[in-house]
Amino acid sequence: NAGVTQTPKFQVLKTGQSMTLQCAQDMNHNSMYWYRQDPGMGLRLIYYSASEGTTDKGEVPNGYNVSRLNKREFSLRLESAAPSQTSVYFCASTLRGPETQYFGPGTRLLVL
Amino acid sequence: RKEVEQDPGPFNVPEGATVAFNCTYSNSASQSFFWYRQDCRKEPKLLMSVYSSGNEDGRFTAQLNRASQYISLLIRDSKLSDSATYLCAPKGSTLGRLYFGRGTQLTVWP
Numbered sequence: 004n005a006g007v008t009q010t011p012k013f014q015v016l017k018t019g020q021s022m023t024l025q026c027a028q029d030m031n032h033n034s035m036y037w038y039r040q041d042p043g044m045g046l047r048l049i050y051y052s053a054s055e056g057t058t059d060k061g062e063v064p065n066g067y068n069v070s071r072l073n074k075r076e077f078s079l080r081l082e083s084a085a086p087s088q089t090s091v092y093f094c095a096s097t098l099r100g101p102e103t104q105y106f107g108p109g110t111r112l113l114v115l
Numbered sequence: 023r024k025e026v027e028q029d030p031g032p033f034n035v036p037e038g039a040t041v042a043f044n045c046t047y048s049n050s051a052s053q054s055f056f057w058y059r060q061d062c063r064k065e066p067k068l069l070m071s072v073y074s075s076g077n078e079d080g081r082f083t084a085q086l087n088r089a090s091q092y093i094s095l096l097i098r099d100s101k102l103s104d105s106a107t108y109l110c111a112p113k114g115s116t117l118g119r120l121y122f123g124r125g126t127q128l129t130v131w132p
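If you read the protein sequences in the order shown, they are chains A and B. The numbering used here numbers the first residue of the first sequence as 4 and each following residue consecutively. The numbering used here numbers the first residue of the second sequence as 23 and each following residue consecutively.
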């Protein structure tokens, strides 16, 4: 099992560009999450999907959209990137509930 | 008040030392608590779960004090490989999410 995979690993964008961060899990998990991690700020929840077909906002959803494409995949889209979105983005999944979250390796995003 | 507060450290201890971190949480309805470990430039990984008063796993002990709303993580006989950031994460009352603290950085030196 690959666990949770994320693509790309690194990305540089210019202000105003759009991009989609991809996340997939092969553990048959029901719930999936997107976090961002900034120095000194810890992990902040952007969006989560408790089950296929549902999505909910977390603490910092502004500027992002998500799609739970199927049970395996949960993508995060930046429609118009801003320098404030420079961060490390982690995707996570759990079988049920939020407890034992398995994280992907992260995507490092720089917005110039 | 923040949902979760942790002393960011850094804690610098010699090998073999015992070190403890505290984490305070604001939601008195939280029922379960988790410690995650994050190595530099890596993803967080679950270290321990705490559902009642505490949990012990080898050199690691987590204790919960509901009255004072804090959980602690005790590491005995520290190893170089314990150097990492330790994230505290209570489960919120809202279904489907954890609240992560900013983490406590630990460096164990030889």
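Treat each hint with caution, since some may be false.
Cross-link-like lysine to any residue pairs, in silico, SDA-like; alpha carbons within 25 angstroms at most [what the hints assert, rightly or not]:
#1 A:Lys17 / A:Thr103
#2 B:Lys24 / A:Ala27
#3 A:Lys60 / A:Ala85
#4 B:Lys64 / A:Met22
#5 A:Lys60 / B:Lys24
#6 B:Lys64 / A:Ala27
#7 B:Lys64 / A:Gly56
#8 B:Lys24 / B:Asn44
#9 A:Lys17 / A:Asn73
#10 B:Lys64 / A:Gly43
#11 A:Lys60 / A:Asn4
#12 B:Lys67 / B:Trp131
#13 A:Lys60 / B:Trp131
#14 B:Lys101 / B:Ala51
#15 B:Lys67 / A:Gln40
#16 A:Lys74 / A:Asp41
#17 A:Lys60 / B:Asn44
#18 B:Lys64 / A:Ala5
#19 A:Lys74 / A:Ser87
#20 B:Lys24 / A:Lys12
#21 B:Lys64 / A:Tyr67
#22 B:Lys24 / A:Asp59
#23 B:Lys24 / A:Thr103
#24 B:Lys64 / A:Gly19
#25 B:Lys67 / A:Ser83
#26 B:Lys24 / A:Lys17
#27 A:Lys60 / B:Val41
#28 B:Lys64 / A:Thr57
#29 B:Lys64 / B:Asn49
#30 B:Lys24 / A:Ser87
Since the hints were derived computationally from the structure, they do not count as laboratory data.
These are the hints, each one checked on the structure:
Distance hint between Lys17 of chain A and Thr103 of chain A is unfulfilled; the C-alpha atoms sit about 35 angstroms from each other, more than 25 angstroms. Between Lys24 of chain B and Ala27 of chain A the alpha-carbon distance is near 31 angstroms, which puts this suggested pair outside the 25 angstroms criterion. A hinted pair counts as satisfied when its Cα atoms are at most 25 angstroms apart, and Lys60 of chain A with Ala85 of chain A qualifies at roughly 19 angstroms. Between Lys64 of chain B and Met22 of chain A, the direct Cα distance comes to roughly 23 angstroms. Compliance with the 25 angstroms bound is thereby established for this hinted pair.
At most 25 angstroms may separate the alpha-carbon atoms for a hinted pair to count; Lys60 of chain A and Lys24 of chain B meet this at roughly 18 angstroms. Among the hinted pairs, Lys64 of chain B with Ala27 of chain A is consistent with the structure: their alpha-carbon atoms are about 18 angstroms apart, no more than 25 angstroms. For the given pair, Lys64 of chain B sits about 29 angstroms from Gly56 of chain A by alpha-carbon distance, which is inconsistent with the 25 angstroms threshold. Proximity of Lys24 of chain B to Asn44 of chain B is assessed by CA-CA distance (about 15 angstroms); at most 25 angstroms being required, the pair is judged to hold.
Of the pairs offered as hints, the one joining Lys17 of chain A and Asn73 of chain A is violated, with about 30 angstroms between alpha carbons and a cut-off of 25 angstroms exceeded. Only pairs whose Cα atoms come within 25 angstroms are accepted, and Lys64 of chain B paired with Gly43 of chain A is accepted, the gap being roughly 16 angstroms. Between Lys60 of chain A and Asn4 of chain A the alpha-carbon distance is near 29 angstroms, which puts this suggested pair outside the 25 angstroms criterion. For the suggested pair Lys67 of chain B and Trp131 of chain B, the alpha carbons sit about 22 angstroms apart, so the restraint of at most 25 angstroms is met.
Pair hint Lys60 of chain A plus Trp131 of chain B does not hold up; C-alpha atoms about 41 angstroms apart against a cutoff of 25 angstroms. Restraint check for Lys101 of chain B and Ala51 of chain B: not satisfied, since their Cα atoms lie roughly 35 angstroms apart, outside the 25 angstroms limit. Taking the CA atoms of Lys67 of chain B and Gln40 of chain A, the gap is about 15 angstroms. The hint holds against a cut of 25 angstroms. A distance of roughly 28 angstroms separates the Cα atoms of Lys74 of chain A and Asp41 of chain A; the hinted pair therefore is violated under the 25 angstroms criterion.
Distance restraint check for Lys60 of chain A and Asn44 of chain B: the Cα-Cα separation of roughly 29 angstroms exceeds the 25 angstroms cut-off, and the hinted pair is therefore not satisfied. Annotation: proposed proximity of Lys64 of chain B to Ala5 of chain A holds, straight-line Cα distance about 16 angstroms (limit 25 angstroms). Proposed proximity of Lys74 of chain A and Ser87 of chain A is contradicted: the alpha carbons are some 30 angstroms apart, above 25 angstroms. Under the criterion of a C-alpha separation no larger than 25 angstroms, the hint pairing Lys24 of chain B with Lys12 of chain A is inconsistent with the structure, at around 31 angstroms.
In summary, the hint linking Lys64 of chain B to Tyr67 of chain A is supported, as the alpha carbons are separated by about 23 angstroms, within the 25 angstroms threshold. For the suggested pair Lys24 of chain B and Asp59 of chain A, the alpha carbons sit about 21 angstroms apart, so the restraint of at most 25 angstroms is met. Simply put, Lys24 of chain B and Thr103 of chain A have alpha-carbon atoms about 22 angstroms apart, close enough for the 25 angstroms limit, and the pair holds. Under the criterion of a C-alpha separation no larger than 25 angstroms, the hint pairing Lys64 of chain B with Gly19 of chain A is inconsistent with the structure, at around 28 angstroms.
Between Lys67 of chain B and Ser83 of chain A the alpha-carbon distance is near 31 angstroms, which puts this suggested pair outside the 25 angstroms criterion. Restraint check for Lys24 of chain B and Lys17 of chain A: the C-alpha separation of about 33 angstroms exceeds 25 angstroms, so the hint is violated. Restraint check for Lys60 of chain A and Val41 of chain B: not satisfied, since their Cα atoms lie roughly 37 angstroms apart, outside the 25 angstroms limit. This hinted pair does not check out: Lys64 of chain B and Thr57 of chain A have alpha carbons roughly 28 angstroms apart, beyond 25 angstroms.
Between the alpha carbons of Lys64 of chain B and Asn49 of chain B the distance comes to roughly 29 angstroms, so the proposed pair goes past 25 angstroms and is violated. As the CA atoms of Lys24 of chain B and Ser87 of chain A are separated by approximately 21 angstroms, the hinted pair is consistent with the 25 angstroms bound.
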